[in-house]
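Chains as they are written, first to last, in my numbering: chain A, 1 to 236; chain B, 1001 to 1100.
Among the clues, some could well be false.
Simulated restraints on C-beta separations [what the hints assert, rightly or not]:
{"no.": "1", "chain 1": "A", "residue 1": "Gly146", "chain 2": "B", "residue 2": "Ala1072", "range": "36 to 44 Å"}
{"no.": "2", "chain 1": "B", "residue 1": "Ala1072", "chain 2": "A", "residue 2": "Val74", "range": "33 to 41 Å"}
{"no.": "3", "chain 1": "A", "residue 1": "Val74", "chain 2": "B", "residue 2": "Ser1091", "range": "33 to 41 Å"}
{"no.": "4", "chain 1": "B", "residue 1": "Ala1072", "chain 2": "A", "residue 2": "Asp136", "range": "51 to 59 Å"}
{"no.": "5", "chain 1": "B", "residue 1": "His1005", "chain 2": "A", "residue 2": "Val74", "range": "32 to 40 Å"}
{"no.": "6", "chain 1": "B", "residue 1": "Cys1020", "chain 2": "A", "residue 2": "Glu128", "range": "35 to 43 Å"}
{"no.": "7", "chain 1": "A", "residue 1": "Arg198", "chain 2": "B", "residue 2": "Leu1013", "range": "26 to 34 Å"}
{"no.": "8", "chain 1": "B", "residue 1": "Leu1055", "chain 2": "A", "residue 2": "Glu128", "range": "31 to 39 Å"}
{"no.": "9", "chain 1": "B", "residue 1": "Ala1079", "chain 2": "A", "residue 2": "His155", "range": "42 to 50 Å"}
{"no.": "10", "chain 1": "A", "residue 1": "Arg148", "chain 2": "B", "residue 2": "Leu1090", "range": "27 to 35 Å"}
{"no.": "11", "chain 1": "A", "residue 1": "Ala153", "chain 2": "B", "residue 2": "Phe1077", "range": "34 to 42 Å"}
{"no.": "12", "chain 1": "A", "residue 1": "His194", "chain 2": "B", "residue 2": "Pro1036", "range": "43 to 51 Å"}
Stretch-level coverage of chain A by chain B, calculated; a stretch enters the list once three of its residues show a Cβ under 8 Å from a Cβ in chain B [claimed, not checked]:
{"no.": "13", "region": "40-47"}
{"no.": "14", "region": "72-83"}
{"no.": "15", "region": "210-223"}
{"no.": "16", "region": "227-234"}
In short, the hints are calculated from the structure, not lab data. Values in this document were obtained by computation on a predicted structure and should not be read as measured data. Think of the CB as a built atom: it goes at the ideal place given N, C-alpha and C, for glycine as much as any other residue.
So the chains spell out like this:
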Amino acid sequence: MAEVGAQAHGTHHPALQHHFTSLEQQREASSLGMWVFIAQEVLFFGGLFAAYTVYRSMYPDAFSAGSHHLSWKVGFANTLVLIGSSLTMALGVYSAAIGKKNRVVGFILATILLGSVFLSVKYFEYGEKIRPCFGDGAHTGCLVPGARFDASALHLEGPEAGHAQIFFSLYFGMTGLHALHMIIGVPILLVIAHAAWRGRYSPEYHTPVEIVGLYWHFVDIVWIFLFPLLYLIGSH
Amino acid sequence: MSEHHVVSWKVYLAVFLALCALTVITVQVTGHDFGPFNLVVALGVAITKATLVVLYFMHARYSPKLTGIVIASSLVFFAILVFLLLTDYLSRPWPLVAAG
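Excised from the complex, chain A in its bound form (with noise of 0.2 Å):
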């Protein structure tokens, strides 16, 4: 901050704003309007866990089965792909603030392929829930909440059969939201690997790359807490 009166117009650093006095306090101006942006994604995706408390703590026989019909071991493996591209995301944003351009970019596109991994793996596994519910048979195994849900599976009956589909609404509102905010982030992430490829970081300006990071560790933090939630109900 000291230099800042030394900074004569026309010799700042190319990406300094005029509205601001140094890079660094341009920088801790875009982190600080991140954070606020993700304090209120904690109030968006709070209202979904507000209620999954709520019918939990109501229905917790109907919560449980339906959380041992989902696979633990394919949450498991997708929490570790999920996890390891935040790894790959934080080291491409430290490769950025030591300037190691080639490694930005593929710190990146790894970050991107793991997210890819994990979106696949969610494609999977809603379609094994969803494809029952079409055409004219019997629906066994319809796991999408409405008229052609199946219960049978769950060995639930009565209205315990009717709580399950509060639960899998729930599934695919809280998933659904998250997987929304990962398909936001890879094309985000790709527009920064192209910067990035193009050199338009260095240590002293990067503050794009620690800004998506921020978004894509958020997104981490909400999986972190939908697995167990899902996932893990009971015991096994």
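Here the structure of chain A is known, so what remains is to put chain B in place on it, guided by the hints.
Okay, now just chain B, sitting in the frame of chain A:
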């Protein structure tokens, strides 16, 4: 806080390994029936993992105090949301439809 703090890649690797270990622990605990204790462990492990990600991957530990205030305020408002919701729902007879 004018110095831009760069954390060693070893820290990121250590955090990653800790996150993997905690994920294994939370799955292992689910294999045993500890009653309500299962949920306590599941949430405890998840909160620990989230804290590691926020402090190290998201650099909150090396960020200005204002960042900490934003993080804390989001948690306070989430707590208000859940707390007031539960004081309402848990103090009612349930299910409401049975009465009608």
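Hints, verified against the model:
Checked against the hint of 36 to 44 Å, the C-beta distance between glycine 146 of chain A and alanine 1072 of chain B comes to roughly 40 Å, which is consistent with it. For the pair alanine 1072 of chain B and valine 74 of chain A, the supplied restraint of 33 to 41 Å holds, since their beta-carbon distance comes to about 35 Å. Taking the beta carbon of each, valine 74 of chain A and serine 1091 of chain B are about 38 Å apart, inside 33 to 41 Å as hinted. A C-beta distance of roughly 55 Å is found between alanine 1072 of chain B and aspartate 136 of chain A, which places it inside the suggested range of 51 to 59 Å.
Remark: the range hint 32 to 40 Å for histidine 1005 of chain B to valine 74 of chain A is upheld by a beta-carbon distance near 38 Å. The hinted range of 35 to 43 Å is not satisfied by cysteine 1020 of chain B and glutamate 128 of chain A, whose Cβ atoms lie roughly 27 Å apart. Between arginine 198 of chain A and leucine 1013 of chain B the Cβ separation comes to about 29 Å, which falls inside the hinted range of 26 to 34 Å. Checked against the hint of 31 to 39 Å, the C-beta distance between leucine 1055 of chain B and glutamate 128 of chain A comes to roughly 37 Å, which is consistent with it.
Checked against the hint of 42 to 50 Å, the C-beta distance between alanine 1079 of chain B and histidine 155 of chain A comes to roughly 36 Å, which is inconsistent with it. Between arginine 148 of chain A and leucine 1090 of chain B the Cβ separation comes to about 33 Å, which falls inside the hinted range of 27 to 35 Å. Against the hinted window of 34 to 42 Å, the Cβ-Cβ separation of alanine 153 of chain A and phenylalanine 1077 of chain B comes to about 39 Å, which satisfies the hint. Evaluation of the 43 to 51 Å hint for histidine 194 of chain A and proline 1036 of chain B yields a pass: the beta carbon distance comes to about 50 Å.
Counting residues of the region 40-47 of chain A whose beta carbon lies closer than 8 Å to any beta carbon of chain B gives 5, which meets the minimum of three for the stated coverage. Given as covered by chain B, the region 72-83 of chain A passes the check, having 5 residues with a CB less than 8 Å from a CB of that chain where 3 are the minimum. Check on the region 210-223 of chain A: 7 of its residues sit with their Cβ under 8 Å from a Cβ of chain B, so the three-residue criterion for coverage holds. Closer than 8 Å: that is the beta-carbon criterion, and the region 227-234 of chain A has 5 residues meeting it against chain B, so the requirement of 3 holds.
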